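Residue numbers (the working numbering), protein chains in the order written: chain U, 1 to 321; chain S, 1 to 396; chain V, 1 to 98.
Hints listed in this document are in silico derivations from the structure and should not be mistaken for laboratory results. Take these hints with a grain of salt, some might be off.
Below 30 Å or equal to it, Euclidean Cα-Cα: the simulated DSS-like pairs (lysine-lysine) are [as the list claims (entries may be wrong)]:
no., chain 1, residue 1, chain 2, residue 2
1, S, 188, S, 293
2, V, 62, U, 278
3, S, 188, S, 41
4, U, 256, U, 194
5, S, 307, S, 340
6, U, 193, U, 256
7, V, 37, U, 12
8, V, 37, U, 193
9, U, 12, S, 199
10, V, 62, U, 256
11, U, 193, U, 163
12, U, 194, V, 43
13, V, 62, V, 43
14, S, 199, U, 193
15, U, 194, V, 37
16, S, 365, S, 381
17, V, 62, U, 194
18, S, 199, V, 62
19, U, 12, V, 43
20, U, 256, U, 12
21, S, 199, U, 194
22, S, 340, S, 365
23, S, 293, S, 382
24, U, 163, U, 223
These stretches of chain V come out as covered by chain U in the derived footprint (C-beta under 8 Å, 3 or more residues) [what the hints assert, rightly or not]:
no., segment
25, 13–20
26, 23–30
27, 57–63
28, 67–74
29, 84–97
Since the model is a prediction, treat every value here as computed from it, not as a measurement. Note that the Cβ used here is the ideal one computed from N, Cα and C, for glycine as well.
Here's the letter readout for the chains.
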Amino acid sequence: MSPTTAVNLNEKEYLLPGNRLCPGCAVTLAYRHILKALDGQAIVTVPASCLTVLHGMYPTTSVTVPCVNTPFASTAASAAGLVAGLRALGRRGLTVVAVAGDGGTHDIGIQALSGAAERQEDFIYICYDNEGYMNTGNQRSGSTPLGAVSGTTPVIGKRQHQKDIVAIMEAHGLPYVATANASYPLDLYDKVKKAMSISGTRFIHVYTPCPPGWGFPFSDTIKIGETAVQTGWNVLFEIENGAFHLTAGSQAVARKGHLRPVNEFLSLQARFGHLDGKNIQELQRWVTARWQHLIERAQMTQGSKLPATARTMPPKCAEQP
Amino acid sequence: MLDGNAAAAEAAKLCRVQVIAAYPITPQSPVTEILSEFVEKGDLNAEYVTVESEHSALAVCCSASMVGARTFTASSSHGLAYMHEMLHWVAGTRLPVVLACVNRAIGAPWNVLNDQQDSISQRDTGWIQIYARNNQEILDSVVQAYKIAEMVYLPVMVCYDGYVLSHTEMPVDTPSQAVVDRFLPPYKPHTVLDPGNPKNYNLVTLANPRVNAEGVLCHGYMELRYLLQEALQNSAQAIASVGAEFRELFGRDYTGLLWQDRLGEAEVAIVAMGSLAMEARVAADSLRRSGLKVGVLGLRVFRPFPKSEVAQAVGHCRLVMVFDRDISYGSEGAISLEIKSALYRRRAAPVVRNFIVGLGGRDVKAREMTEAVTKSLASLKKGTPDSGHPEWICEI
Amino acid sequence: MGTSDCGHICGESSPGVGEAGRTGEWRTSRPVVDNRKCTPARKGVPMCFLCWLYCPEAVIAKTVPPRVDMEYCKGCGICAEVCPSHAIDMVEEAGFVP
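Modelling step: build the complete structure from the supplied sequences, incorporating the hints.
Here you go:
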């Protein structure tokens with residue numbers, strides 16, 4: 001099957017122009033391609049989040065896909081209800097897709113998500129991660145990184161590392177767990193398409209940089225997302241029935257053999273503007289350790305497809321400022 | 001012979017519910033178990049979602065109902081409290097979800113026994129509330145609930161006392177599936193979840209109405225909420241007409257929103273709700289034997305509150321004794337507040353005395369009710385002023 | 001006029017372009033495509049289309065050459081950043097006649 005390219009990608013849009021989200025928003029971009037992949041044969045359910053704002057205000061919506069808005073904690077339960085209702089009525093051929101932010105996934109929504117995943121409910125759950133409660137003005141979430149300044153960590157910055165939601169979801173034994181990034185829309189599109197062909201609970205984590213929340217110019221969104229991948233801050237992979245594969249930009253990084261220093265990512269964003277050397281060192285250590293671990297997992301599946309350098313050479317670490 | 005939980009479950013089965021999502025909680029758990037057995041044995045063709053919390057239970061019913069499925073859930077006490085925001089959400093979306101509430105006290109501290117604080121606490125959410133006096137009424141009310149709910153697009157809560165009814169077996173006439181099928185047509189949803197005609201439900205609204213893409217001025221939040229209240233007010237008619245239809249097919253009369261026992265010539269009215277209304281009749285009989293003209297008002301429908309029917313039924317009495325198995329803390333019993341509101345415009349309104357009884361499963365005996373009546377009459381005679389606060393009957 | 005023409009009993013929204021109004025009014029600079037540099041424009045065939053791919057708003061048409069819908073373009077500048085031929089410039093909005 002030929003790879004998806006910008007040229008052969010379907011032109012049909014399910015996102016109408018003139019929506020309410022910020023210029024340069026990675027959520028808008030990601031959602032645009034998620035909907036393309038779903039290609040109309042879906043019902044979406046969405047909690048309170050930036051996506052609710054994208055969807056618009058009653059009585060007009062900026063998407064042409066049926067959608068159920070649901071209270072913050074209940075996204076996965078709402079999705080389970082759609083699945084049950086469709087099955088009870090014998091309506092086949094529709095994919096139920098829950099799309100929630102990191103707040104609605106890692107924090108308030110985790111109970112319903114874990115319950116639904118344990119029951120292996122047949123829907124796709126997509127978490128778009130802008131590392132904070134951005135819809136309400138950037139308060140810290142379980143996904144906010146160590147050291148990041150936010151509305152509720154305004155002076156000292158967050159004192160804990162972010163929660164590894166992908167590992168948590170993998171622990172539920174799901175048939176498909178993947179990470180994606182708005183800066184790699186074709187990879188995201190392909191992953192949603194693949195997820196659509198699999199039954200059971202499928203989880204996709206989409207990295208979506210936030211210009212106002214993170215403090216960078218909105219023209220730089222794609223660059224920020226790419227830098228996240230090149231520094232190992234965000235790793236692109238998929239786990240299909242336990243088999244781990246690096247994809248897209250992360251595959252390229254693995255082939256290159258080393259990560260760019262994490263400070264090249266941090267220094268682009270005002271939310272990390274006050275980080276001291278200790279924090280940066282800790283973040284580098286954490287990113288490097290995770291990358292090592294993921295590379296080992298990739299080797300177990302991909303083995304010789306990775307260059308020798310990826311297996312033996314440790315990633316380049318940031319110098320202390 | 002069925003206990004209250006079995007009656008509720010049997011009714012849900014007869015109504016051919018299509019999606020069930022319920023989380024166990026004492027004393028409701030047997031409902032979840034009986035229904036899951038029906039489903040696993042193939043007696044009921046439904047999707048049973050074994051949710052991980054009550055909040056999720058109602059979220060499942062909400063979206064399943066939006067797809068067009070007939071849904072059922074049940075809870076009590078803390079479980080009902082846990083789904084509080086979803087109760088608002090379901091009513092605001094005008095979905096005909098039916099919920100069986102097995103009335104149980106709310107903590108703190110923990111108490112698993114009966115009072116009505118749980119469902120009373122949810123009276124503002126926009127749900128129709130029907131209270132059953134016995135297990136026959138539980139079954140009959142659930143069956144009628146679907147017909148009412150799907151006519152007026154409002155969710156219905158059928159409430160019955162924990163342990164007193166839920167775990168007590170009584171003779172219950174179980175109708176045949178064929179008769180229920182004749183009574184209850186399939187559900188016609190007002191919500192459309194169809195990629196061919198995509199709609200987006202429950203987006204943010206503003207204070208004022210907004211024009212849509214076709215140039216129509218659409219409702220604002222306040223208009224939609226007005227429609228909810230209007231629907232509740234008007235649902236009294238639907239409840240009565242469904243009750244009349246039920247009588248035709250099943251032989252039991254539910255046309256009244258109240259149960260009235262010899263109120264016509266009564267000087268004293270005893271008001272109670274749920275199983276307590278049966279105990280009240282024992283108290284009334286005892287008082288009548290001593291020559292007092294006592295009637296009983298059993299509240300069946302608590303929401304929409306039947307103000308004019310109540311005023312009609314007890315407005316002529318000298319004394320109305322309201323026994324609340326609940327209290328709106330800082331004020332008085334919720335039923336008492338409603339009764340007083342209903343009697344507000346009566347020229348010569350009766351004296352209303354409020355008694356808080358039976359909280360946390362404390363047994364309420366007919367004798368205590370008769371003593372309360374006698375004492376109240378005595379103090380009325382003496383002209384003792386009302387304290388303005390409810391009296392509590394805590395006798396063991 | 002009132003809302004009596006509205007038949008909704010719950011918050012049911014229908015799709016519409018420009019839900020947030022003319023979002024073109026948000027921008028302070030607009031993308032201008034130089035067809036001498038733009039690869040599909042130069043070659044006259046469908047190719048590249050990275051601007052179309054990366055536009056969050058879906059306001060770039062996948063035509064030869066690509067066309068930006070100025071009614072709704074928010075002027076984020078992503079297209080200018082991702083164009084491999086540097087064919088798109090972000091030009092100050094003030095210089096354009098409304």
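Structure-based check of each hint:
{"no.": "1", "hint": "S/188 <-> S/293", "result": "violated (48 Å)"}
{"no.": "2", "hint": "V/62 <-> U/278", "result": "violated (48 Å)"}
{"no.": "3", "hint": "S/188 <-> S/41", "result": "holds (28 Å)"}
{"no.": "4", "hint": "U/256 <-> U/194", "result": "holds (27 Å)"}
{"no.": "5", "hint": "S/307 <-> S/340", "result": "holds (9 Å)"}
{"no.": "6", "hint": "U/193 <-> U/256", "result": "holds (28 Å)"}
{"no.": "7", "hint": "V/37 <-> U/12", "result": "holds (27 Å)"}
{"no.": "8", "hint": "V/37 <-> U/193", "result": "violated (34 Å)"}
{"no.": "9", "hint": "U/12 <-> S/199", "result": "holds (18 Å)"}
{"no.": "10", "hint": "V/62 <-> U/256", "result": "violated (33 Å)"}
{"no.": "11", "hint": "U/193 <-> U/163", "result": "holds (27 Å)"}
{"no.": "12", "hint": "U/194 <-> V/43", "result": "violated (34 Å)"}
{"no.": "13", "hint": "V/62 <-> V/43", "result": "holds (15 Å)"}
{"no.": "14", "hint": "S/199 <-> U/193", "result": "holds (23 Å)"}
{"no.": "15", "hint": "U/194 <-> V/37", "result": "violated (36 Å)"}
{"no.": "16", "hint": "S/365 <-> S/381", "result": "holds (25 Å)"}
{"no.": "17", "hint": "V/62 <-> U/194", "result": "holds (25 Å)"}
{"no.": "18", "hint": "S/199 <-> V/62", "result": "holds (27 Å)"}
{"no.": "19", "hint": "U/12 <-> V/43", "result": "holds (24 Å)"}
{"no.": "20", "hint": "U/256 <-> U/12", "result": "violated (36 Å)"}
{"no.": "21", "hint": "S/199 <-> U/194", "result": "holds (26 Å)"}
{"no.": "22", "hint": "S/340 <-> S/365", "result": "holds (25 Å)"}
{"no.": "23", "hint": "S/293 <-> S/382", "result": "holds (20 Å)"}
{"no.": "24", "hint": "U/163 <-> U/223", "result": "holds (24 Å)"}
{"no.": "25", "hint": "13–20", "result": "holds (count 8)"}
{"no.": "26", "hint": "23–30", "result": "holds (count 3)"}
{"no.": "27", "hint": "57–63", "result": "holds (count 4)"}
{"no.": "28", "hint": "67–74", "result": "holds (count 4)"}
{"no.": "29", "hint": "84–97", "result": "violated (count 1)"}
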